[in-house]
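> Position chain B against the provided structure of chain A, taking the given hints into account.
2 protein chains.
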Amino acid sequence: MAALVAANVFATQPAPNALLARRTRRPALRAAVRVHAAGAKMMEAPNYIDAVPDTLLRPGIDDPASMRGKFERMIRKVQDQVCSAVEAADGGASFRQDAWTRPSGGGGITRVMQEGKVWEKAGVAVSVVYGSMPAESYRVAVGKDIPFEKDDRVPFFAAGVSSVMHPWNPHCPTMHFNYRYFETEDWKGVPGQWWFGGGTDITPCYVNEDDMRHFHGTYKGVCDRHDPAWYDKMKANCDEYFQIPHRGETRGMGGIFFDDLNDRDKDAIFAFSSDCAANIVESYVPLVEKHKDDPFGPQQKEWQQLRRGRYVEFNLVYDRGTIFGLKTGGRIESILMSLPLTASWRYDYQVDPQTPEGKFLNCVRNASDQKWV
Amino acid sequence: MAALVAANVFATQPAPNALLARRTRRPALRAAVRVHAAGAKMMEAPNYIDAVPDTLLRPGIDDPASMRGKFERMIRKVQDQVCSAVEAADGGASFRQDAWTRPSGGGGITRVMQEGKVWEKAGVAVSVVYGSMPAESYRVAVGKDIPFEKDDRVPFFAAGVSSVMHPWNPHCPTMHFNYRYFETEDWKGVPGQWWFGGGTDITPCYVNEDDMRHFHGTYKGVCDRHDPAWYDKMKANCDEYFQIPHRGETRGMGGIFFDDLNDRDKDAIFAFSSDCAANIVESYVPLVEKHKDDPFGPQQKEWQQLRRGRYVEFNLVYDRGTIFGLKTGGRIESILMSLPLTASWRYDYQVDPQTPEGKFLNCVRNASDQKWV
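These protein sequences, in sequence, are chains A and B. Counting along the first sequence from 1, when you hit position 176 you're at 1058 in the working numbering, and nothing is skipped either side. Counting along the second sequence from 1, when you hit position 13 you're at 895 in the working numbering, and nothing is skipped either side.
Just chain A, same shape as in the assembly:
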């Protein structure tokens, strides 16, 4: 059951237990979790609750001053901030909230807004889950010959916030972000393992260079405050991760993406992760406010619907977290919250390279060549 509960955390974004893991520093752990997932049963059903608890940590067990507590407070604050800013910019609809806890501890809070004035669909979900992985998989992962009994399991903790926003206007970009933290507990003398992952990326339907300079510039600024080498590296990671190989395109126009990050002090990475999350609103909402009343016609709307179709293709065919969640029994509504309200597929749609649509395709077919900042 264990690793399965992580599905919610990783809905719509890269999971540490990827079915399609690429370029990882922890191939053994990934492989081990993958094996575990393949034999997985449906996860335990959530208990829906009316009131959101102050914390999803386990009372008397998890130290609120630990990274678990700090990370939970950070992601819940981000959920509040982003939802408030989006509601204010929308000026119409409000987020609906669903909260639940799990018998084994932890829980989730999903907020979704549908058919607002500005956004067609927007969702922001947090979850904090406890699970355990088979000892054999864990042993393979850490590469040490730890003796264990057949049914031994290694406890882990995973928490994350994830979001996708799809505006109505084809000139307003879709935006996705996810920030997550994973740790295993000390087990048979082996210290706990931990890492951070996440990123913020943008998916417009048209190329607006000023917008891209603003979005990428915001994240370059964040990265530069923590490590001047990070922006270029994480931008490249993002372009690689969000590929749709069967289309020869990326899903969108990138941003930053990191995974398995544990190469320095835990608090330093937490500070970076928090800084990324604190800049989501500033990186994105001004672009929507700028374009929400831009004129458009049926041609632009049709193009947007086709791009939404590509979004669905990426999420259902390649996104590690989505696939893992679907195949192991995560909460479906949280996992598929990322899908657009509407999408379209047309047979063999042809685009003239000289049109705005053609210019866009050129960008997503050569994402790594785009140096926005």
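Errors might be hidden in some of the hints.
Which copy is meant is left open, because identical chains are indistinguishable; a pair holds if it fits in one copy or across any two.
Straight-line alpha carbon distances no greater than 25 Å define the calculated SDA-like cross-link-like pairs of lysine to any residue that follow [unchecked claim]:
#  : residue 1 : residue 2
1  : K1253     : D944
2  : K1209     : A1249
3  : K1102     : A1150
4  : K999      : R1228
5  : K1174     : Y1229
6  : K1209     : V1233
7  : K1209     : S1250
8  : K1209     : N1244
9  : K999      : Q1232
10 : K1209     : F1242
11 : K999      : Y1229
For the record, the hints were derived by calculation from the structure and aren't laboratory data.
What follows is chain B alone, placed relative to chain A:
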């Protein structure tokens, strides 16, 4: 490259080289082809051609009187019959045709109709492809210790017809069919392997018992002419194959489905396959003609769009042929021809069990309990 060219043949339907193979009589061959697919490069690009050749067989190599020739003639006749019947019933749009050949022999003919009077999108594709699989994979498959050189490859042939039809009216069902034939050539003293696969299945948005009795009754009639045990078995196969496990539903209301069929004389199975294909129009088109002018409102249209979303989920997440095609470089437009023109996802959509939508959900959640005939 070899097995990859088969992707077109199996677009939108079960492939013999399934990533998610279940319940098969040839697990070794499936596993072998799977291994091969994992290391696959992009398939060769098709040459688009203006005129459709009389045959896609290799002149002077393939005997037109062989099963290859018979199967090609059958599927091309089916393509003509189904397209003519659908155009006549639509009374508006015509099918557009794209044809291509491959440098290594064979080719494909894809016909798609979009935004007709009755159908939102309809496609019927045939392909006839030649390829080769690694000798090692083949040896594992047939379970014989055949000596081979490192780069030896075993030639195969695959041909099929596949189709999906999405009407506009929520009271008209979507229909999918696929009939295919696969064989390997004699190789190092081992006789060629062969099998047939296919089926026709129906995906309405509402339960209409008369319609289901007509559709299933037609295929029970076909099965009974060939083997009285087949309908029950193939109906069960269909209900199992078209499951969407993460939703706890089937994609539609079934039909018949068979794979790896080679348990009797080749001509007897060909006769069955041809009889199935010859009854596609009769099983389906009358249902569309009956309901194409049924009144409906926004509630019914919304429900249809959500069911189309489920169709997309099945095809992109579970359908063996689609996944294989996407991940190995098949012709994308042929593979994704099956996706609807429009689809929708709403967060946590709730349905009252007493409504027609609730009655439908009860059916697809208990597909194997539905005995239509």
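> Indicate, hint by hint, whether the structure satisfies it.
Tested hints:
1. K1253 - D944: neither (43 Å within a copy, 53 Å between copies)
2. K1209 - A1249: between (30 Å within a copy, 20 Å between copies)
3. K1102 - A1150: within (17 Å within a copy, 67 Å between copies)
4. K999 - R1228: Close across copies (16 Å), not inside one copy (27 Å); limit 25 Å.
5. K1174 - Y1229: between (29 Å within a copy, 23 Å between copies)
6. K1209 - V1233: between (35 Å within a copy, 24 Å between copies)
7. K1209 - S1250: Between copies only: 21 Å across chains, 31 Å inside a chain, cut-off 25 Å.
8. K1209 - N1244: between (34 Å within a copy, 22 Å between copies)
9. K999 - Q1232: between (31 Å within a copy, 23 Å between copies)
10. K1209 - F1242: between (33 Å within a copy, 24 Å between copies)
11. K999 - Y1229: This pair counts as between: shortest inter-copy Cα distance 17 Å, intra-copy 31 Å.
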